[in-house]
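Okay, here's what each chain looks like letter by letter:
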Amino acid sequence: MNNKYNPALFWFAVLNAVATFLLIGLGGLVTSHEAGMSVPDWPTSYGYNMFALPIKFWTGGAFFEHTHRLLASVVGLLTTILAVWLWAKDARKWLTWLGIAAFLLVVAQGILGGLRVKWQLDWLGVPHGAVAQAFLVLTCALALFTSRWWHNSAAEKQIPVRIGLRGHVLAVTIIIFIQLLIAATMRHQHAGLAISDFPLAHGKIWPDTSPEAIARYNAQRVEINNANPITAFQVNLQMIHRLVAYFIFLGVAMAAILSRKRLGGGDFLTKLAFLWFGLLTLQILLGAATIWMNKAADIATGHVMVGALALLVGALWWLVAARRTALT
Amino acid sequence: MKKSLLILTLAAFGTLQLSRAADITGSITLKGSAPAEKELTPIKDDPNCSAMYPNGLPKTKFYVVGAGGELADVVVSLKGITGKSTGASAAPLIMDQKGCLYYPQILAVQTGQKIIVKNSDPCVHNVHTVPKENASQNMVQMPGGADLTFTFDKPEPFLKFQCDVHPWMFAWVSVMDHPYFAVSGADGKFTIKDVPPGKYTLEATHRKLGTQTAEIEVKDSGATQSFAFEVK
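Respectively, the protein sequence lines represent chains D and C.
Numbers given in this note's numbering equal positions in the first sequence, counted from 1, plus 83.
Numbers given in this note's numbering equal positions in the second sequence, counted from 1, plus 18.
There are no misleading hints in this set.
Below, computed lysine-lysine pairings styled on DSS-like, alpha-carbon distance capped at 27 Å: (1) K132(C) to K102(C); (2) K378(D) to K150(C); (3) K62(C) to K139(D); (4) K139(D) to K136(C); (5) K201(D) to K132(C); (6) K378(D) to K79(C); (7) K237(C) to K211(C); (8) K207(C) to K226(C); (9) K97(C) to K217(C); (10) K287(D) to K56(C); (11) K136(C) to K62(C); (12) K97(C) to K150(C); (13) K77(C) to K62(C); (14) K62(C) to K116(C); (15) K49(C) to K97(C); (16) K178(C) to K378(D); (17) K378(D) to K250(C); (18) K136(C) to K201(D); (19) K150(C) to K201(D); (20) K378(D) to K77(C); (21) K139(D) to K116(C).
Interface residues of chain D toward chain C, partial, derived using beta-carbon atoms under 10 Å: (22) D124; (23) G143; (24) E148; (25) H273; (26) I307; (27) N309; (28) P312.
Using C-beta positions, here's what the derived DEER-type ranges look like: (29) P137(D) to P76(C): 24 to 32 Å; (30) K250(C) to I288(D): 20 to 28 Å; (31) T242(C) to G286(D): 38 to 46 Å; (32) I257(D) to I134(C): 47 to 55 Å; (33) I134(C) to N319(D): 38 to 46 Å; (34) P110(C) to I194(D): 34 to 42 Å; (35) N319(D) to K132(C): 34 to 42 Å; (36) N73(C) to P137(D): 26 to 34 Å; (37) G162(C) to R231(D): 53 to 61 Å; (38) A135(D) to K250(C): 48 to 56 Å; (39) I134(C) to W170(D): 51 to 59 Å; (40) A232(C) to I288(D): 33 to 41 Å.
If you're looking for bench data, these hints aren't it; they were derived computationally from the structure.
Being a predicted model, the structure only gives us computed values, none of them experimental.
Just so it is clear, CB atoms sit at the ideal spot from N, CA and C, and this is done for glycine as well.
In isolation and in its complexed conformation, chain D is listed as follows:
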């Protein structure tokens, strides 16, 4: 057991993080294609062993759901190996426990996904999506903690970061996570677009949500997929999602400006903050495109993936800053 940089361990942790990110994308495609219940049984698939399902059944929505299950199995296996590897080879107790936490979380996530299918409960898709985002942050944190940079960051420790800036980034990151919960709740209503225009909402700055108005919106909607009728709750939820998005955008812009001002343009954290700002800009464009393109599955899934990256970059910024000296 040692506390030195282990390149094999690091790259394995990176592989796990990348696989997790792809898994979130595939999970996003499952929901975007309304395919979550296309394979009614679990852990079997159409009565077959999951790993032996004939390829002729990998069609339509079942393609997304089945490949999601297969990739989830791969991530489960990678996370298990990583946890064992950390336990066997890394001297840092806290990191060993973090590896065990990742293992437990991936198991819980797999069971959650399975129960969502077995119990036919739409709302279980919300915690399933939320745990996925948290798990991505954890796998990337494991990669960071096993990196050469983390092992050799003694000099890095000397560059101070103000506590106020750290707190700001942490607060915005938590709000992004809340925003992802709102988004998961929206997506798991299976009601398509509750508001089909942007930047206005049903032609107004704040849409009419009276019963008559909701009945009118539903009468005018011609949904191709099996969308449920929209409700006032869903319209209001999308409006909250929009408002929180603007708030996050401003918060991330402020983080980038403050990082540049306090740390200088060449600092890694400043660059990371500007990357964060770029992601938020892209995310807002993708959110608008999701509406303009009537929730096209690829665009909506891109919105999910960039949302995950936005959470991740905020969390990584905070972790890197936490490695440095705090300045009051």
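Starting from the known structure of chain D, fit chain C onto it as the hints suggest.
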């Protein structure tokens, strides 16, 4: 003795005549223009399904409207009637999956009445019910697989059937706990059969256009009531 029997028989016949059930008939129309239906483009995602449409893809069927405004797929029923289901002894209804679409798309049944779901397609479907009052079910049906049978215990309007393998496939089933209902046909007409004489509230519901009601009285000769819906 013979005379008494004759009088009793005539009296019984007269009573039967007085309480004879009759039909409620009517028609449904749509005023104005319905929103344009959309082509089911995702069918292209599954070659098994798209191969069945060499001459162009079908469209959604939310508003099935005739040239004269005749509106199909409106569920018409007596309101406030409960506990009168004869579904257990009623003939089963058939719902088919054909060309990766449900036929019919709007159906009405009684509680306890069987719905037999067929798969006439060369591909796998899952038949997933998404109820609010009844228990949800989700079953796979292989091409050429055995028919699936569904029954529902509780009344519920527009209970959704969907295929998640092919998310453009959906149908709605209204479940009643009485036999007094009908679904308007392509000509917009409906007939509710064998309704006992009396005063009732008649309800007509289109999944997109909402509900209209009318107070009616069913006499020996039956009753007639029409509804006109409008897209607002």
